[in-house]
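Undergrad: Below, each chain spelled out in residue letters.
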Amino acid sequence: MDASQRMGQELADLYHRHVDTVWRVCYSFMKNRVDTEDMVQEAFLRAYYVDKPFQSEEHEKAWLIVTASNLCKDALKRAWRRDEPLEDHLELAAPGRDAQVLEAVLALPERYKTAVYLYYYEGYSLKEIASMLGCPQATVRTRLARARKQLKQMLGGELDEE
Amino acid sequence: MKNREIRAAYDRTLPSDETKEELLQRLLAAASEPREERKMITMKTIKKRYIVLAAALIALALSCTAMASGVLGETFGLWLGDRKVALDELTPVAFDLEGFLAEYPTGVADQDRVFRDAGSFTQATGMTLPGAEELQMTDILLSVSNRWRTGHISITVGTENGEAIMNGMFLLEGHTQEMYGYGVKARRADEVYEYAEGRRAYFIKEDEVIRVYFMESGVMFQLTVENSRSGKELGKEIVDRMAGVPKA
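Protein chains in written order, with the working numbering: chain A, 1 to 162; chain B, 1001 to 1248.
Hint data in this document are derived by calculation from the structure and do not stem from the laboratory.
The C-beta atom is built at its ideal place from N, Cα and C for all residues, glycine as well.
One or more of the hints may lead you astray.
Said to hold, decoys possible - Away from chain A, derived, C-beta distances all over 12 Å, residues of chain B: (1) 1122; (2) 1232; (3) 1241.
Said to hold, decoys possible - Covered stretches of chain B (chain A as the covering partner; in silico rule of three or more C-beta atoms under 8 Å from a C-beta of chain A): (4) 1021–1029; (5) 1195–1201.
Put together the whole structure using the sequences plus the hints.
TA: Shown next as structure tokens:
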């Protein structure tokens, strides 16, 4: 195996380890498949070219989540990228509680989304999230409380806990 | 604390294994290109771009229609709520439409065909961007409509103090639209910044960003900066330099 094949294999391994995670994060911001694919690709390329080696698989994952979130926020600042193909919504908007929760999650303000994903999907602690996002724990707590309030309003009640 | 319902909602967005494999192949192809020349290999097709731009124009026209209904006589400009604010009038800019369309038949320069700097933009369009000599302007996206005789640009603009995204819209000779401009939900600006010769830029706070609306050289700009003190200062600096105000 030559150097380029080895690097390709490393990138493919990295992709397989984290593609679902990065996809979920990007979709929550971009809300459509086409833009999500662009952001996922860019996030993995950034990880592939990053100079600093990752300390662990968990570190790699955390780095990808934060990088993907930032890439999406930047992309959304370009107004003409805000397109939401109808077919995506038709596919995802089948009746049911899942669809309602998804709609509510996608409707959250951008500033809450990363914290909500890290806390409710990945199960990170407030302290871990604060460290990843580079902000005080109190800020994370406030964002989660406000997001929870908005979700409750949209869904007409509390979410089922695990 | 993990939540079952939220996890199920996120998982609902995941693509098929086939889609993931296709994405991996594109990723590997992009990674194999030399780093300096690496470009996004994107799913967006020309057809898709047309749909997006058409949708954006329709959305813009609808929002403007809604905001301009009623007493507004002048329909070009910036609206705060149902009130149109005083900005310079949008007037057609100098633009080599024929030359641009010969090189970009779709009227769109984005994705892997962005203009890398203001010089190449001017060379291709004959249009001079205000502030091009004072500011770093990179990754310039452009779309023009031959039918409506309008244009949209998106620019990454930078100073020594930071970088921001700036969108803009303008008219070409022979424009046919009856109304054109940015509409803002907020009824009041959070700050009105007066700069060169009493000109005004409107600062409007959103979630994480501040949008700054102003006119220069016939283009209506929407500048996006961080919602922070330093972001606001950067916004004022860019507005000043766009207007040719000497650096403080």
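Undergrad: Now tell me if each hint is right for this structure.
TA: So, going through the hints one by one against the coordinates:
Chain A leaves residue 1122 (chain B) outside its interface by the beta-carbon criterion, the shortest separation being 21 Å against a cut-off of 12 Å. For residue 1232 (chain B), the non-interface assignment is confirmed: its Cβ lies about 16 Å from the closest Cβ of chain A, beyond the 12 Å cut-off. The claim that residue 1241 (chain B) is not at the interface with chain A holds, since no C-beta of that chain comes within 12 Å of its own (minimum 20 Å). With 5 residues having a beta carbon nearer than 8 Å to a beta carbon of chain A, the region 1021–1029 of chain B meets the requirement of three or more and the stated coverage holds.
Remark: the region 1195–1201 of chain B is not confirmed as covered by chain A, as 0 of its residues place a Cβ nearer than 8 Å to a Cβ of that chain, below the required three.
Going down the numbered hints, you'll see the structure goes against just number 5.
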